[in-house]
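So you can see what is in the structure, the chains are spelled out below.
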Amino acid sequence: MSQQGYVAAPPYSQAQPGGYQGGFGAGPAQPLYGHYGGPPQAFNAPPAAGGMKSPASSPAGMPPPSGPSQYSPNVQQNGAHPQRYASPSVASPTYGQPSHSVYNSMASPAPPPTQQLTNQMSAMNLGSYGAVQSPPPHPAASAHPGRQSTHMSPQMAPPQSPLINMQASGQPMGGQSMAGPPMGGQSMAGPPMGGQSMAGPPMGGQSMGGQLMAGPPMGGQSMAGPPMGGQSMGGQLMAGPPMGGQSMAGPPMGGQSMAGPPMGGQSMAGPQLPSGPGTFQQHGVGPTGPANYPQQGGQFGGLMSGPQPGMPGGFPGAPGPLAGPPQKKLDPDSIPSITQVIEDDKARLGGQVFSTNIRGQVPPLVTTDFTVQDQGNASPRFIRCTTYSLPCTAELAKQCQVPLASIVKPFAKLPKNEAPLYVVNHGETGPIRCNRCKAYMCPYMQFIDGGRRYQCTFCNCVNEVPAFYFQHLDHVGRRVDFYERPELSLGSYEFVATLDYCKNNKPPSPPAYVFMIDVSYTNIKSGLVKLICDELKTLLEKLPREDGAETSAVKVGFVTYNKVLHFYNVKSALAQPQMMVVSDTAEMFVPLLDGFLVDYQESRAVIYNLLDQIPDMFADTNESETVFAPVIQAGVEAFKAAECSGKLFIFHSSMPTAEAPGKLKNRDDKKLVNTDKEKILFQPQKGVYEQLSKDCVAQGCCVDLFLFPSQYLDLATMADVPSHTGGSVYKYNNFQVETDGEHFLRDLRKDVQKSLGFDAVMRVRTSTGFRATDFFGGIFMNNTTDVEMAAVDCDKAVTVEFKHDDTLSEETGALMQCALLYTTIGGQRRLRIHNLSLNCTSQLSEMYKCCETDSLINFFAKSAYRAILNQPVKNVRDILVNQTAHMLACYRKNCATPSAASQLILPDSMKVFPVYMNSLIKTAPLVGSAELSTDDRAHQRLSVMAMGVEDTQLQLYPRLIPLHNVDVGSEAVPAPLRCSEERLTDSGTFLLENGHSIFLWLGQSSPPDLIQNLFNVPSLAHLQPGHMFALPELDNPLSKKVRSIIGELLEKRPNSMKLQVVRQRDKAETLFRQFLVEDKGLHGGTSYMDFLCFVHREIRQLLT
Amino acid sequence: MSTYQEFIQQNEDRDGVRCSWNLWPSSRLEATRLVVPVSCLLTPLKERPNLPPVQYEPVLCSRANCKAVLNPLCQVDFRAKIWACNFCFQRNPFPPSYAGISEVNQPAELMPQFSTIEYIVQRGPSAPLIFLYVVDTCLEEEDLQALKESLQMSLSLLPPNALVGLITFGRMVQVHELTCEGIAKSYVFRGTKDLSSKQIQEMLGLTKPAAPGQQGRPVAPQEAAATCRFLQPVHRVDMNLTDLLGELQRDPWPVPQGKRPLRSTGVALSVAVGLLEGAYPNTGARVMLFIGGPPTQGPGMVVGDELKTPIRSWHDIQKDNARHLKKATKYYEALANRSAVNGHSIDIYACALDQTGLLEMKCLSNLTGGHIVMGDSFNTSLFKQTFQRVFSKDYNGDFRMAFGGVLEVKTSRELKVCGAIGPCVSLHSKGPSVSENEMGIGGTTQWKLCSLDPSTTLAVYLEVVNQHNAPVPQGGRGAIQFVTQYQHSNTQKRIRVTTIARNWADAQSQIQHIESSFDQEAAAVLMARLGVFRAESEEGPDVLRWLDRQLIRLCQKFGQFNKDDPTSFRLSESLSLYPQFMFHLRRSPFLQVFNNSPDESSYYRHQFVREDLTQSLIMIQPILYSYSFHGPPEPVLLDSSSILPDRILLMDTFFQLVIYHGETIAQWRKAGYQEMPEYENFKQLLQAPLDDAQEILQTRFPMPRYVDTEHGGSQARFLLSKVNPSQTHNNLYAWGQESGAPILTDDVSLQVFMDHLKKLAVSSST
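Protein sequence lines, in the order shown, are assigned to chains G and F. The C-terminal residue of the first sequence carries number 1857 in this note's numbering, and the numbering is unbroken. The C-terminal residue of the second sequence carries number 1329 in this note's numbering, and the numbering is unbroken.
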């Protein structure tokens, strides 16, 4: 487990001594032991508890007895956990270096927690403990109530979270102004009535609840009724106040959610009562045994203990119960909603111009359409940050645990209404750069001394202005030519690179695309080869070209292969193509130079001829073995020989088992899932492929891999090279031309036509005080600073993590300059510069205010996905949850006005962060389920590594678009709904899309006319979803509208998506359901609601 | 003595055999004293238009280790239907098919005129001939074009059912698949990687039938043929291959300034050999290698690609400065041996102005009976016509080539076989008649000649077994039987059997007879072959010394002289020319490396050890004809005194054909007299040597270099270097200016040589 990797161990290791800690599980356990030498004895109880089962079912009544039983399980579990946790946490020092800081920060909070923890613990679950401990928390009246209260309180928490939201919304107003809303919160928690009427009502509803929600829950049965009312009441009331407080859209949400939480609380109770037990048993029992959870206490115990056992498994215990019946009663609208946040941002900023003239400005969300006006900082399309206001000191950063990172997408596509980057040519001397730190001329350079010198803002070095570049300054000390020079006035621009920036000081050749087609039996038989060949004929006409160029400079080449490679000479002078077979796969070489890489326009006739022949040539092949590494090697050699960079498009079907370098063996061992060795499944096999990546990057050879597997093919290894060379991996399981052909071709077309840069080196320079320490993406790094990419296209992003070196100044802020040296598609060497200036603050609240959830989750996704290479998946999940809690707890502690511990208070900028985080934890790579294909998990892991913010956002929170009541007359796409089954209706039609998959879900009782309009069949029963991968083109407004929506989505996303039509209750629906990320995961993982509860509990632990 | 002349001639015509001695000494000691070993030149496939092959199997002696073929020397008991083997004296019954045999009804093999007889046997399936072209593409455009045309043309000359294949190479090696339609397909090998035969076959995808093959017998050639896409019948792929050759491009890899093109000859050959080895073992096949320069990379590399490092010279070799020599030679030898084992022969057609590495590669052809052709460019008639002549046909319309020959020598008990020299490899067939004393390729009674043609000639060296104290009884005859099995170009399997016999003579009493039975021409060639064979492994001067000693001993043995009186020295007519042959042999490029590159030496030696007696003699002592108004053309002495102003000389050295116009003639010609009707006779005089030269050019293989020069011309050196320098700048004035042309050389003249020889021969001290 251990290893360095993911999360910095330091916090943990410290924490543990401290007794507290990072891991929810571990933390509590230890203190338990520590404090109560006795508990062990409690263990004995469990058996006894077993007997308790039956009583368990009657939650309300049984509390006391259940108490012990609960504990015992807990204890046991805890007991087990600590050990598990301990080792990993101790041993795992790094989460990558960057994360250190983040995690380190954990350390500081850690110490105090010990006590808090105990307190919390007692407060939360352990009825009996509470009794025993009695000390700080709730001086619960009696054990029973005490317990209940404790139990309840955590549940209560959720209700408060909405309040928090309100607060959050309030925050922007002013750091302290928060007080108002929080007050409400407090009032909530506290003796309810308190500050706000808000509190009042809920209180009223739950009354008791506030303090000792326990009470009501206890009442459990009776609860149900009243609380409901109360809640609703509360909800409304709640809504009111916040509204008043802020005009923000957010707040209302908060209001609702406010209401929700109480619901939660009650609902919690609800489940306990009747159905609770059952669910609990199922869930909670799973891990420890049925006996443990039987009772109500069980729930609570479940909550607590659940998490612990659950953490590993994904909070099953606690969430479980929540997920059950309670949810029905709970109003899901009450918790922060991503769709709402998105819609709000759209409403607020959509269609507006975003000028980048202000330092540290938080841009609109990625989901919002806006126009960027570059006024000195790079557009958010190029760079987004986790926060736009960096904490001034490392301590601060540590404390809040918010990762400081930027997501750089250097070639991001710009909409038509935004100007492409200017190209600056500084002549033979090359771009002007600071003598010391080599930063490029940019708007941040300070011209002094009448314009004769300039001071570099990155390193403070004073440089002479070259004579040819001299210009006078105006009265404000600005160069007179400020507006004439992009490098002085813009955030993003390009320099023409001189020969000094070229390989071997020779101007680069235009890049080349080599199409390498696996012609083994499967691919021939499936018709894939023919499909590709036919498509290439037209596709090659559309090769990307330099802006303004008439034709593409890209050269093309063709290779087919099975266990030997076939190169083709398609020189235009030839009457027919020539095929050259290289069987020496041990030492691959390129058998020809002239005629392999050709200009498509010139050689079109020969290429046509070739593409016509390839499918026939191998029509009767029975070769099923393939090689792989030699194929890539061949591409690299070809580029080497031609002295160019380029891209390989490899169309491959099966695991390379033929005798050759890079031969792979099936190592798909499902038994490893959920063990410490699970990471092996993600790790590429070493050796050949490692070296190959190196070679590829050195030559500027990007590899795009199209896979058509029918079984396991060790994607982790096969995709190793693409994932280090800026390439993409596409995967089409059980490919069939009829069903997947179009889907694949869309991908291929997009991929071939993408604009991109080759042979790139990126360097991120920062002003003093902080520096880039870690990089995530489809990159290769030979040293710690230069990010090398064989190619980088418009969809690839590199996530850069920063770390403090020193204290940052609030005045000067923090600057970063991302310089990318690359070769254009036309073969020119350029430097692309993106500059961004950020604020610095010593106020955490300010920092939290400027956070961007979408960027944060991008960072977390990438760092977690990298961490699973070195650590058990479970650890990584723990760390994620932990850090989430920590970030939020820090906010709560430092920024929010004091409020009752039972309140969940989220910063406005992060209020939907838990949704994303929960969704991330439930993604295939992290979920640790043996039901998932190893290749799929590896694939998802790798594809996320190179994603930009938009893509991760969409991936982690799919769009669920209702179509049944779409306004066919309007242009607009219906507003998406929250990704929860709750939102589906039997008579509804929904489109769900996450950037990789797209589903059309049809409710059971979809109106026949809708079916008729969309599919041209009379009813749902006539539909054959298994054979439906596109909507028929029908001439009616609905069909047109839906098709245009789908078409637009397909157009917009970097990847093609295969449309899957799903009928409610169809078997295929499970596929669809796994994208409903607010629900409980199919393969494990909690629902949003439960997660929130859990996090809240964690926060409370941290805070107490 | 004319009788012996006739006898020799007759025997040669009938059997293709020339013996050094036509009477054999009766003991080993005496034989040794004769200096020139008992030996013979055998031309196994000598064209014999009047020898129709018989269509049945030969009758063999039933003794297991004899298996001699029934021949005219055998004693036959017609009544008992029994014959006695004349080698082992085993009495054998005739097979049932000979039941009708009687004194008047004898099978051909018993008739004396059929001492050489050829059988056509039906054994196994007949395999088609295979021609595998291995073509260097690192050529100048012109050369490549010419070569392509030659190759295309050659397709029309091949037997239609012959299999043909194409490998091209430069930096890479490409094996072309010939059956593809619409796309030219080839398998490519890296030029720097030595691959085993198995790897090659795997990479070419030829290993599939391995499974059935393992079960026992090797895959029948037909099956292999079906699977081998690289060798296809000419008639089927004619068009394809013509197109393919037409599209053949120069090696596209750039050759930087100051570098040689990278030429992977070694790997190309290895692939060729490996391909044939896998697909067609023990089938007649010809690998035809066309190269325009030395191998510069990979195994078999002869010189690096740096132009500043010149290819090794004799000087380098003597100084042990030839870096790649040993390794490359070893590599090619290994290939040659593999190829020979499978009965495939390798031709080398090397056309370049500089050396191409023949020294290292010669064994490829020498061991497999392949041709070596050396020229300046593929765009010369020398190459074009020579190449065309490879496919020449005999009076029957059959190609003058045979494959997979196995020569077995059987001797009567008094003789043992020492060895053979020629384009063959040993089959390591031990037997009682194998001598311990090796001469040439010895230690066996069987040799493999992967490819042979009607002029292929082997020298076979023998030894008399009997000790001095137990000589062979007088009156008997020693017999030798040559059994040559081969695949005829029409794919028939044939066996040619030649049985010869010579009388034993007591060297003490019958020395004159023995002397007069001496065949000095054959002896000269046989000794020369020994010399050349030695020269391959020994230092040049040692070989010359050995030759000299042999000559002196011979002269001492047979010369008539008074001790220590050189002037009294006389040699009988049967030996009179021998010293002169030796004189020219000493000067020949076979033994002298001066002025020759290692490649040239290898080339000359290669030709020398395979040609028949007549051609070999020409090589040793070129023929010089003189044309003048004084009479009909006449052969003249190969002497500088023959170089006269009013003569036209025609010299044939086998390798060169030089027409030399004397000073006066040259002036006349320049003046254009031949154009004038009144000087028609001059025109005719000019034409005569041309016509004669043409005749030689028409028939000779490989085509000689044709040189037309005149007095003072630079090319005249070819003539001047060959003639006996009887007049040099040293003795010019002593000889007067009247006749001949002085040669600027310090070489000794024949006269000096002879004087010296006499002195040594008569010296009592030796």
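I should point out that these hints are in silico values taken from the structure, not numbers from a laboratory. Given the structure is predicted, the values throughout are model-derived calculations rather than measurements. Be aware that one or more of the hints could be misleading.
[Claimed, not checked] Here are the simulated lysine-lysine pairs, PhoX-like style, with alpha carbons at most 25 Å apart:
no.: 1; chain 1: F; residue 1: 822; chain 2: G; residue 2: 1416
no.: 2; chain 1: F; residue 1: 1120; chain 2: F; residue 2: 1322
no.: 3; chain 1: F; residue 1: 1322; chain 2: G; residue 2: 1324
no.: 4; chain 1: G; residue 1: 1416; chain 2: F; residue 2: 1233
no.: 5; chain 1: G; residue 1: 1393; chain 2: F; residue 2: 822
no.: 6; chain 1: G; residue 1: 1393; chain 2: F; residue 2: 761
[Unchecked claim] Examples of chain F residues lying across from chain G (beta carbon under 10 Å, computed):
no.: 7; residue: 746
no.: 8; residue: 815
no.: 9; residue: 1133
no.: 10; residue: 1325
[Said to hold, decoys possible] Label pairs and their calculated CB-CB ranges:
no.: 11; chain 1: F; residue 1: 872; chain 2: G; residue 2: 1304; range: 39 to 47 Å
no.: 12; chain 1: G; residue 1: 1252; chain 2: F; residue 2: 878; range: 26 to 34 Å
no.: 13; chain 1: G; residue 1: 1304; chain 2: F; residue 2: 815; range: 54 to 62 Å
no.: 14; chain 1: G; residue 1: 1252; chain 2: F; residue 2: 757; range: 55 to 63 Å
no.: 15; chain 1: G; residue 1: 1291; chain 2: F; residue 2: 955; range: 50 to 58 Å
no.: 16; chain 1: F; residue 1: 872; chain 2: G; residue 2: 1189; range: 48 to 56 Å
Don't be surprised by glycine CBs; every beta carbon is placed ideally from N, CA and C.
Evaluated hints:
1. The straight-line distance between the Cα atoms of residue 822/F and residue 1416/G is roughly 38 Å, outside the 25 Å bound, and the hint therefore fails.
2. Restraint check for residue 1120/F and residue 1322/F: satisfied, since their Cα atoms lie roughly 14 Å apart, inside the 25 Å limit.
3. Restraint check for residue 1322/F and residue 1324/G: not satisfied, since their Cα atoms lie roughly 75 Å apart, outside the 25 Å limit.
4. For the hint pairing residue 1416/G with residue 1233/F, the CA-to-CA distance comes to about 77 Å; that exceeds 25 Å, so the pair is violated.
5. Proposed proximity of residue 1393/G and residue 822/F is supported: the alpha carbons are some 20 Å apart, at most 25 Å.
6. A distance of roughly 30 Å separates the Cα atoms of residue 1393/G and residue 761/F; the hinted pair therefore is violated under the 25 Å criterion.
7. The beta carbon of residue 746/F is positioned within 10 Å of a beta carbon in chain G (closest approach about 5 Å), and the interface hint is therefore held.
8. For residue 815/F, the interface hint holds, since its Cβ comes within 10 Å of a Cβ in chain G; the closest pair sits about 4 Å apart.
9. Given the 10 Å rule on beta carbons, the hint for residue 1133/F is violated: about 71 Å separates it from the nearest Cβ of chain G.
10. The restraint placing residue 1325/F at the interface with chain G is violated, with a minimum CB-CB distance near 69 Å, outside the 10 Å limit.
11. Checked against the hint of 39 to 47 Å, the C-beta distance between residue 872/F and residue 1304/G comes to roughly 45 Å, which is consistent with it.
12. Checked against the hint of 26 to 34 Å, the pair residue 1252/G and residue 878/F fails, with Cβ atoms roughly 47 Å apart.
13. Taking 54 to 62 Å as the suggested C-beta distance range, the pair residue 1304/G and residue 815/F does not conform, at roughly 24 Å.
14. Range check, residue 1252/G to residue 757/F: Cβ separation about 41 Å, and the 55 to 63 Å hint is violated.
15. Under the hint 50 to 58 Å, the C-beta atoms of residue 1291/G and residue 955/F, about 56 Å apart, fit the expected range.
16. Separation of residue 872/F from residue 1189/G is about 49 Å and conforms to the stated range, judged on CB atoms against 48 to 56 Å.
Hints 1, 3, 4, 6, 9, 10, 12, 13, 14 from the earlier list are contradicted by this structure; the remaining hints agree with it.
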